Structures are given as structure tokens and as C-alpha cells.
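Engineer: Take a look at the letters that make up each chain.
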Amino acid sequence: MAKQKNYLAFGAVGLVALLMFSLPPETTNRIKQSIGSLFLPLVGVAGTAQQLPVAAADAILSRRGLLQLTETLRHENDQLKVQALQSAATLRENDQLRSWLGRQRELPWKLKFARVILRDPANWWHTVEIDLGSRDGITNNQPVLTAEGLVGRISSVALTRSQVVLLSDPNCKASGLVENPAHDIGVISVGGPLDPSLVHLIYLSGSANLKPGQNVFTSGLGGVFPKGIPIGQVVDSRPVDFGLYTEARVKLAANLGALEQVWVLMK
Amino acid sequence: MNALQTILILAFAFLAVFGEALLPGVRRLLGAQVDLLPVLMVYAALNASLLTVTLLAVLGGLCFDALSANPLGITLLPLFTVGLAIFSKRELILHTLPFAQIVLGAAASAAVPALTVLLLLSGGQQPLLGWGSLWQWLVMTLGGAAAAPFVFALFAGCHHALGHPPRTETSFRADREIHRGRS
Numbered sequence: 256m257a258k259q260k261n262y263l264a265f266g267a268v269g270l271v272a273l274l275m276f277s278l279p280p281e282t283t284n285r286i287k288q289s290i291g292s293l294f295l296p297l298v299g300v301a302g303t304a305q306q307l308p309v310a311a312a313d314a315i316l317s318r319r320g321l322l323q324l325t326e327t328l329r330h331e332n333d334q335l336k337v338q339a340l341q342s343a344a345t346l347r348e349n350d351q352l353r354s355w356l357g358r359q360r361e362l363p364w365k366l367k368f369a370r371v372i373l374r375d376p377a378n379w380w381h382t383v384e385i386d387l388g389s390r391d392g393i394t395n396n397q398p399v400l401t402a403e404g405l406v407g408r409i410s411s412v413a414l415t416r417s418q419v420v421l422l423s424d425p426n427c428k429a430s431g432l433v434e435n436p437a438h439d440i441g442v443i444s445v446g447g448p449l450d451p452s453l454v455h456l457i458y459l460s461g462s463a464n465l466k467p468g469q470n471v472f473t474s475g476l477g478g479v480f481p482k483g484i485p486i487g488q489v490v491d492s493r494p495v496d497f498g499l500y501t502e503a504r505v506k507l508a509a510n511l512g513a514l515e516q517v518w519v520l521m522k
Numbered sequence: 049m050n051a052l053q054t055i056l057i058l059a060f061a062f063l064a065v066f067g068e069a070l071l072p073g074v075r076r077l078l079g080a081q082v083d084l085l086p087v088l089m090v091y092a093a094l095n096a097s098l099l100t101v102t103l104l105a106v107l108g109g110l111c112f113d114a115l116s117a118n119p120l121g122i123t124l125l126p127l128f129t130v131g132l133a134i135f136s137k138r139e140l141i142l143h144t145l146p147f148a149q150i151v152l153g154a155a156a157s158a159a160v161p162a163l164t165v166l167l168l169l170s171g172g173q174q175p176l177l178g179w180g181s182l183w184q185w186l187v188m189t190l191g192g193a194a195a196a197p198f199v200f201a202l203f204a205g206c207h208h209a210l211g212h213p214p215r216t217e218t219s220f221r222a223d224r225e226i227h228r229g230r231s
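Protein chains in written order, with our numbering: chain A, 256 to 522; chain B, 49 to 231.
To be clear, the hints were calculated from the coordinates, so they are not data collected in a lab. Keep in mind that this is a model prediction, so the values were computed, not measured. Here a beta-carbon is modelled for each residue, glycine too, at the ideal position from N, C-alpha and C. Treat the hints with care, as some may be off.
Stated by the list, open to error - Quick look at which bits of chain A chain B covers, simulated, 3 or more residues with Cβ under 8 Å:
#1 342 to 355
#2 379 to 385
#3 438 to 450
Produce the entire structure from the sequences given, and follow the hints as far as they go.
Structural biologist: Now the structure itself:
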């Protein structure tokens, strides 16, 4: 009798699992989002709890320290204003040159700030959840970056949160362009499971001449990531497949292991 | 205590999954996140009913998959397989001994991710695997082993605080009472 009960329970769980696997991806995504939304109150509580030490630290900051900080920020702000003026002039010049060449004008990036609220509990995926969703205009495949460089892309969107698949995850592929005279192009692929800051740049041509420290940017190929987002720097390279291709290890510019705040590139 | 025990186990599972997704401390320190669901399954399989084991596998697994990039439902079967294996032999296990708890916690924490990855691979998924995964597996196994006695102690504390107090036996028996005097 007890064994029968065990078999029945196993059958029931197997049936639930089979049902989940056989559902269309849109439906499973919706179920996932519904279950995930159960955690939202806890996310809010955790966010408030994390802010408490910051608020406490702010409360005990001395007036002198605040004045010093304001002064530093004022200097930095002035410097950035001058840089922005320079960039605007360069952009105008670039637009003019592009119009003479008959090329489409490049629009400036529109970014939206987001906080990382949760990380993937499974060790075999590298994804994070951010606090922006479809109500904020987020859609699938939008690039996500930090001030340092590319982080990944949006892989699924709920009303108030979205999942970002990181560059170190097998499900995120990007085309990378090496800043060298030949402008070699390859595909960013996963590194190891332990170090999310190292990825591989594969399918580079066999004659690619890569040197450590060369910068890697997005090439704009593939249609997901616009051209020119910093990805990282070449660490080393080696020929693979009897010299047919070159493979390089790239140290990512963004620290994927300690993401707190990111920017979503709006379309 | 049965319904309360089930509620407590499920609530703990919910919080455990949330904690794993919220706190990256262990992952930053050791390169892997420790999963508490297998340990909880060991506790449920040794102390609760089959219904609780089933509910924990289904609801815990779904919660875990909802916050992860796993296909929904992939964690149910490994969790339940481990739970059922322990449940069917629980009369033979000395579950009050910390050593048994540690061994079972380690075994469950090793088996659940291994079975999940096996299912993912057979389902055509490409999880992030490499030599470093062996280290992650070791961390998960040892983390589960270390967490098991604490989880058992936590639930024992809850049981003590929220359950009915044990009935005290007295030496008085009505049928052995000596009646004095004339009735």
C-alpha cells in the first residue's frame, strides 16, 4: 500500500513535469513570471533593508565631508560638461561627414537606469533580474551595459522586472571587433563557469594578429548590439583547428560578478 | 503539527530560494551558490508526510526555476527522486544523529544538481559547464552537508516552539487506586 502511494506520487510529479515541458514557451514564460512575481514583496523589503545602512551612513556624514564631496563633484561636473561640449561638436562633425558620404545619421544612445535585484540561483546559468519591465518600455534583446562596458541583453520581460542574460552565459552571443589594424571580428563565447569576467573570442581568422591589451568592441553585426560598445581587452590568443581559426581570451570591461546598477539601451 | 509543519517547510523553501537569488556572498567567495532545497527535502523526507515531500518538490522546484534560466519544471524530478528515495527508507535511517544528517545532506546536495544538469543536457540545453563545475559541485555538496544539521535544528526548534507539548505520563492509574474505608 505504501509502495503504491509512492508510485502514485512519483507519477503525479512526473505528470506535472511533463506538462511543464510540453507547454509552449510563451505560456511557460508567463507562468515563470507569475511565480517570480510572488517574490516581489520580498524584493521590496530586501531593497529597503539594504538602503538602511546607506541611510544611516548618510546621516552621520560630517558637514565638512559633505562640502568636500560637493566640491569634488562640482569639479567633476565641470570637466564632464567640457567633455560633453567637445563630444557634441565631434558628433555634429561626424553627422555632417556622414551626410556628405550619404550614410544614415547615427542617433545618440538613449539609456535607462536599472538596479539588479536578483541573481540566478543556479550555478550553470549567468543571468540577473533588473527592476525595469514592459511598463518601462523594455523589450527582448535590448543591450544592457555599465559605464565600463557591455553586460548582456534582455532575455525575458515581465511587467515590472526583466531577466538579463550576461555575456558569460552560453545563451548570449555577441560579435566582437578587435581594435587592431586589421579590425579582426570574432564571436564572444563563454569562458569558464567559475570566472565570469573571462570570455572567449572565437572564430577569428587564422591570420589575426592579436596582442594582449588590445580593446574589443561590439562590431554591430547581428543586429542586437550597436557598434562601439566596449566589451573588454584581449588577454592572450592561440591558433585552433590546425591554424584555421584564432581564439582569444578577453577580460570583460564590466565586472559581471558584482553588478549592482546597469543601463538598458533603449531602441 | 502536520499542516503547520508542511507550511513551515514550504515557507522555508520559498525563503531559501529567494535568499539564494538575493545574496551573492557565497558565490563571490567560493565561486558557487549553495542550494538549500535538497537539504530541506532530506528533512521533509525524514520527518514529514509524502504529501509534504511532493508539495516541496513541486512548489520548491517551480520557485527555483522561476528565478533561474532553467526551463520551468526541470528541478521537480531530481528533487522528488531524492526525496522519495529517502522517504521510502526512512525507517532504516537514524535521522536524529548529526552524522546521518550530514551524510544525507551531502548526498542530496550532490545528487540534485547532477540530475538537473543531466536532464538539461538530455533536453538539448547548453548549461555553462567546465572543469570549474566540479569545484562548484564540491562546494554545493559540502555546503549542503554543513547546512543539514542547522536545518534539522531549526525545524526542531520550530516544532518545540509551535507544536503541542508532549503529554506527560503520570504514575497514577485509576484501576490501581486503593479505596480506603467502606463504600
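Engineer: If you count the residues of the stretch 438 to 450 of chain A with a beta-carbon closer than 8 Å to a beta-carbon of chain B, do you get 3 or more?
Structural biologist: That given contact holds, which follows from 5 residues of the stretch 438 to 450 of chain A lying within Cβ reach (below 8 Å) of chain B.
Engineer: How about the stretch 379 to 385 of chain A: do at least three of its residues have a C-beta closer than 8 Å to a C-beta of chain B?
Structural biologist: holds (count 5)
Engineer: At least three residues with a C-beta closer than 8 Å to a C-beta of chain B: is that true for the stretch 342 to 355 of chain A?
Structural biologist: violated (count 0)
The earlier numbered hint that this structure contradicts is number 1, and it is the only one.
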